[in-house]
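Protein chains in written order, with our numbering: chain A, 3 to 390; chain B, 304 to 798; chain C, 23 to 468.
Worth flagging that the hints you see were computed from the coordinates, not collected in a lab.
Wrong hints could be hidden among the right ones.
Below 30 Å or equal to it, Euclidean Cα-Cα: the simulated DSS-like pairs (lysine-lysine) are [claimed, not checked]: (1) A/Lys27 / A/Lys224; (2) C/Lys445 / B/Lys621; (3) C/Lys136 / A/Lys177; (4) B/Lys544 / A/Lys224; (5) A/Lys288 / A/Lys224; (6) C/Lys136 / B/Lys403; (7) A/Lys288 / A/Lys315; (8) C/Lys445 / A/Lys190; (9) A/Lys190 / A/Lys177; (10) B/Lys734 / B/Lys403; (11) C/Lys67 / C/Lys445; (12) B/Lys544 / A/Lys87; (13) A/Lys177 / B/Lys621; (14) A/Lys177 / B/Lys544; (15) A/Lys315 / A/Lys27; (16) A/Lys224 / C/Lys445; (17) B/Lys621 / A/Lys190; (18) A/Lys288 / A/Lys259; (19) A/Lys213 / C/Lys136; (20) A/Lys224 / B/Lys621.
Being a predicted model, the structure only gives us computed values, none of them experimental.
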Amino acid sequence: MTGSGAQVPGTEARLARIRGRAMPKSHNARTIAALASNPGCARRAIMDAAGVDKQRLAAHLGYPAPFGQSRFALARGNAFEAQLKADGAAQILHLLRENLGLPLEQAHYIDLDDVGGNPGMDLRHARTRQLLARPEGTMFDHPVLRLQVGGRHAYLEPDLIAVQVGEAFRIVEIKSFPVIDGQADGGKVAAAAIQSAVYVHALRDLVGDDKVHHETILICPKDFSNQPTAQRLDVRKPLTVLRRQLSRLTRIEDLLKLLPEDLTFDLDPDPDDKTATHRRDPETLKDAVSQIDARYAPGCLSTCELCYFCRAKSSGQTARLGQQALEDLGGLDSIPAVLGLASGALRPSPERAEATAVLRQVVALRAEVFGREPEPTPAYPEVMGEAV
Amino acid sequence: MSALTAYARTLAAERQIAQPVASVRHVHVSDRPLVFVPLQLAGEANAPLAAIVGSDRGTPTVLTVAEPRDRNQRFAFIADLADVILPYIEGYPLGTREAKNGNLVPVAGDAPQLIVPGPAAVAFTRLLGRSARFRRTDGPYAVPATVPLVGRWLSFYSERPEVPGSSLTLVVTDALASHWATGQSPEEDLNLASILGWIAPPPGMTGAEAALLAEDPVRCPPAGPATDPTFDNEVLEGLIKAVRAARLTGGGSGRIRHALTEELRTQLEPTWERMWQAVDLLRALRPGDHVASRWERDCSAFARYADWARATGLPQPKHDGAVQASRRLWDLEEDQRRFAAERAYDDPLVMAEHRMSGEAFAGTVAAAEPTRVDASGRRRVLRPRITVETGDRVVVEPGTVLTSPARTAQEARVISVEAGERTLVTLELQKGMGQSLTPPPGSVPELGERVCYATFNLGYQRRPEFPPREETPWTHGGPPAPYVPPDENAQEAWS
Amino acid sequence: MTGAEPVGSATLAERATAGVLADLSRVNQGAGRGVVVDSPPGAGKSALVVRAAGELAEAGERVMVVAQTNEQVNDLVDRLATDRSDLRIGRLSASDYVPAERVARHQTVTVSEKAADLADHAVVLGTAHKWAMTGVDAARPWAIIDEAYQMRADLMLRVARLFTAGLFVGDPGQLDPFSTVATERWTGLSWDPTQSAVSVLLRNNPDIPVHMLPVSWRLPASAAPVVSEAFYPFTGFRAGTTAGERTMEWNTRAFGMNALDCVLETAAADGWALCELPALHTLRTDAEVADTCAALAARLLQRGAVARSELGEAAVTASRIAIGAAHRDQAQAVRAALAARGVAGITVDTANRLQGREFDLVVVWHPLSGRRDATAFHLESGRLCVLTSRHRHACVVVARAGIPELLDAHPSAEPMFLNVPAKFPDGWEANQSLLVHLSRHRVRAA
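All chains, full assembly: derive it from the sequences and hints.
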């Protein structure tokens, strides 16, 4: 179910080579949830499987990612969470009882982060498993969960609480976007739901499917205040999507077969330089990245760190113009081909005859409206066979 | 979207400059609009940080909040905003007119127009209105009377963009995108500087180059309401901390507050300029024939709301009740239908989209019997027939009633469709030709005339009857409790 | 679920109907205000409506019946008048309504545009739109609302003034009503007017009992489990007939079987066929798919087929064949392709307009064929459910190769809203489930 099939020997080594000397970027619920967006992109799939730091890579390529996080947003998120978890998560307990009417007789809050010393993830995960099995706990903060991602264990340290209600656990997710008059931003709720689904999935791995409820609890600030409100979220749909996506990640081996053995995104860090200068020639790095096919779509601009690089490399492609345009152009993927077919400078192959007829009609209608002949288009070679 | 728009995008990408997708302007642009560009503090629920606002390009008002997380300062900001917005709205007086049934109905000769950068600014305005309109002017946390008042107006104006064809609130990126296709995606068109760059790049630059520069937040601070995170971290945070420190130590914070305002001004002024540049671009387009009548409907909507607010003194409720929701849905769908038809009738480029989909066709009159009389009924009636020859794809069936933009009062029933290299469509005409058996000149299309016929028309549909809200049926939860505005001051706990 | 005994199915179905009728009389005695009946494709929805109307009328109740289209009203009038010649039946109509032959032939049916004229009739039937325009003096204690899942809640609001208690019947797996305007202003409200009448009813009246008709009399044994699993994952239903009871045989043999013949043979033998064209991203009016749909229907008529079922034996004529598509322009393209082949009489329409209809063989233009991405519209489970559940004998799906890859690349990523119950099945899941099944009946064309 989780793509836990045995890794083909050598895959791990190939991925490590691709990653280079950098430490693998560890997964969290957010990055795992992100795997579900644009899963058709091989470039992204391989980089994520190899744990490449895409942000750093994009910067070295000269196309820094357009995302930054404001410290105001971080501060607000942290303050809200701290407020909820204060006094043994008293506010959360109150919400679950009063707001959602969950039957929680006793409140016993255990912070699993509180292990003392500096144990490894394996140890902390084991401790989570051990404590969750005990009947006396009600609320468990900071459980360490584990998930198979692309054949490798990924540890998750969610800032979440698993609450035991009757026989089953429920995931409580805290977010700092507001719920105003009972409604919140649909994109943010969906993102929270898929993250919760990641936790449900991982927790089920630990304690069994029937021990974790598919309905999770989302706690957000209410209206314009800092007072919390709790909402139920049914994550069955995101769970099915997640399961399928995780099972698809094993295809990494197939993708790797198509790539040169010596492919690497190593940035060649200068070992003597404390500021961690990277010496890799950006041009060879560009060539290396371009070895893997990307599937750029404007949606990448809000989800993937490499978006500006991929967008720059997709010039001349109709995919840049958005999903609707791509559809209306009948799947023609090159801009010069569209213009060439429209102007008549290119002859369509039989399977493009229909899309071409529509383009010719568009040109004729525009000429009729603008009262002039269509502008001459630069002549393109007549190779409308299958470049399109 | 359509193949026409998609092709225009392709052309724009190739030519590196935006291409028109409308041949006339479909929105109203006021002579004296109120431009409003708000900024909010990241992470907070609708905490205003700053705004640039005004109806005169040369003298904008810049408002800032030194501590957006402070409740009092938020409402002080809204009160300041009210001092700009309310006098502007009061500049548009209401009158009354006697309706057919003898009742006096409120009217306005012209109406205030709010112009905001994009959909995110509309969402922000909606919440700003929501946070202010229930506030009380007495009791704990009392606010000035202008705060709930401006909250109601902001609520009203933030709802208008969902009404198809309304221009009371002009959302600039949407307005630009409905008149020009850029060589980028609709997602990227939401960036005001970027779409403007494609349409009107600075001299010596292509649209594509201008759009690329627009993504650099240092050169082009975002049009808001979200600010540039780097600006937050490197400039704003320090200044807000300094203001707080100065206040705590009892020292004067005037100098730092001034510095904060100046920094925020640098974030706002480029957008202010772009907003007016966009207004100029839109103004330069010739308005479509129905723009004026749609604006009249907007003026009525403004007058009706102003009158309701004055008469009841109530803030708009948080949600529509069941009856109100159903009624509004009916209105929105009717507005949508009419707006789509008016756009097509006003603009041959929009009509071209319908011609491609087969909902309309254009051609020349190849045969005409202008004085044909139908004597089969009790009374002899004038029923001219014309045959239109067209190269368009025709999918209408015989019996369908069509309308032409050139003669909107006339009905044309499809008699036959003869497909071929050029399709021949025979139409029988009625209405719009006077009472006699001889049609007045020009009322029947002449031989050789270029004509266009569409399956949709501009006809006005009367809203059906809905039950009164006290009679909301049990299927929809039964009659709701009478509307009493919630007491937000008392209920809403702030940090 | 396979090999269900026909007798068992009949008993099962009768038990379900009895349960509904018992609840109706409970409502009559003052317990609650309504009953909802979920009816999967061909599960005897109309029969239930007619039976319930008859029984309520017999008990002395005055009943109004609400359907969504004039055709549906005419069908119900005909069935009710045929079943219950003892009842006086009213057909409430618009002023320009010309009574259909199947309505006019019944002596017991009065047609009028005024509800007052029909006040003394035990059962009055009309479209939802007509009832919505009718004054409250025409109110009746009981309403039976047919196709209630396709009726929008705002229309229900206008009709609901007229009755006190209601029986709401419909198919939850078919297409939801939609609105042409995009607004989130009502999202999460229990009376969101863009929702279906049943979802609003149940959210405001959670105590109303929901029944499910358990047997499809339309879908053959080859189709019921597939459609049930893909589109009714939590409730499920079974076929009323067994595998051997429905067969399709050819009048002529195909010499030198071409791809079309292979597709048709597979469909006749298995009840399903996937006719797969080479992968290509196309315009949505893909001429090759349009022509293949037309060619399959033409070839079937040319060879001649006989359908045998529990109802007897009949030739599969043009009127027993339908071709369904997602978009109107696709339907137009298929009609043009049929006309070019000189074939007439075959129903070609979109999923919306095929709802509630039944044929022997249905050719389906797969909504995802030739697409480069999968939008919510194309993934909507209701659309695929309608298209693949109209047939009594066989269903042929025509598609370009590559849909599984397309689905993999486009997991559903819709925004989610608070207080909106999750709707099942998920279109993406349902598509996957059906594709897995279809891949076992695949024939590569060309």
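Quick rundown of the hints versus the structure:
For the hint pairing A/Lys27 with A/Lys224, the CA-to-CA distance comes to about 35 Å; that exceeds 30 Å, so the pair is violated. Between C/Lys445 and B/Lys621 the CA atoms are separated by roughly 26 Å; this keeps the pair inside 30 Å, and the hint holds. Distance restraint check for C/Lys136 and A/Lys177: the Cα-Cα separation of roughly 57 Å exceeds the 30 Å cut-off, and the hinted pair is therefore not satisfied. For the proposed pair B/Lys544 and A/Lys224, the alpha carbon gap of about 26 Å is at most 30 Å, so the pair holds.
In summary, the hint linking A/Lys288 to A/Lys224 is not supported, as the alpha carbons are separated by about 47 Å, beyond the 30 Å threshold. The suggested pairing of C/Lys136 with B/Lys403 holds, with an alpha-carbon distance near 28 Å, which does not exceed 30 Å. A threshold of 30 Å between alpha carbons decides the hint, and for A/Lys288 with A/Lys315 the separation of about 10 Å falls inside it, so the pair holds. Straight-line distance between C-alpha atoms of C/Lys445 and A/Lys190 comes to about 19 Å, which keeps the hinted pair within the 30 Å bound.
Between the alpha carbons of A/Lys190 and A/Lys177 the distance comes to roughly 9 Å, so the proposed pair stays at or under 30 Å and holds. About 25 Å separates the Cα atoms of B/Lys734 and B/Lys403, which keeps this hinted pair within 30 Å; it holds. Between C/Lys67 and C/Lys445 the CA atoms are separated by roughly 22 Å; this keeps the pair inside 30 Å, and the hint holds. Restraint check for B/Lys544 and A/Lys87: the C-alpha separation of about 26 Å stays at or below 30 Å, so the hint holds.
At roughly 23 Å between alpha-carbon atoms, A/Lys177 and B/Lys621 fall within 30 Å of each other, so this suggested pair holds. A distance of roughly 25 Å separates the Cα atoms of A/Lys177 and B/Lys544; the hinted pair therefore holds under the 30 Å criterion. A hinted pair counts as satisfied when its Cα atoms are at most 30 Å apart, and A/Lys315 with A/Lys27 qualifies at roughly 25 Å. About 26 Å separates the Cα atoms of A/Lys224 and C/Lys445, which keeps this hinted pair within 30 Å; it holds.
Taking the CA atoms of B/Lys621 and A/Lys190, the gap is near 22 Å; set against the 30 Å cutoff, the hint holds. A hinted pair counts as satisfied when its Cα atoms are at most 30 Å apart, and A/Lys288 with A/Lys259 qualifies at roughly 20 Å. Using a Cα cut-off of 30 Å, the hinted pair A/Lys213 and C/Lys136 is violated, with the two alpha carbons roughly 60 Å apart. Annotation: proposed proximity of A/Lys224 to B/Lys621 holds, straight-line Cα distance about 14 Å (limit 30 Å).
The structure does not agree with the numbered hints 1, 3, 5, 19 stated previously, though it agrees with the rest.
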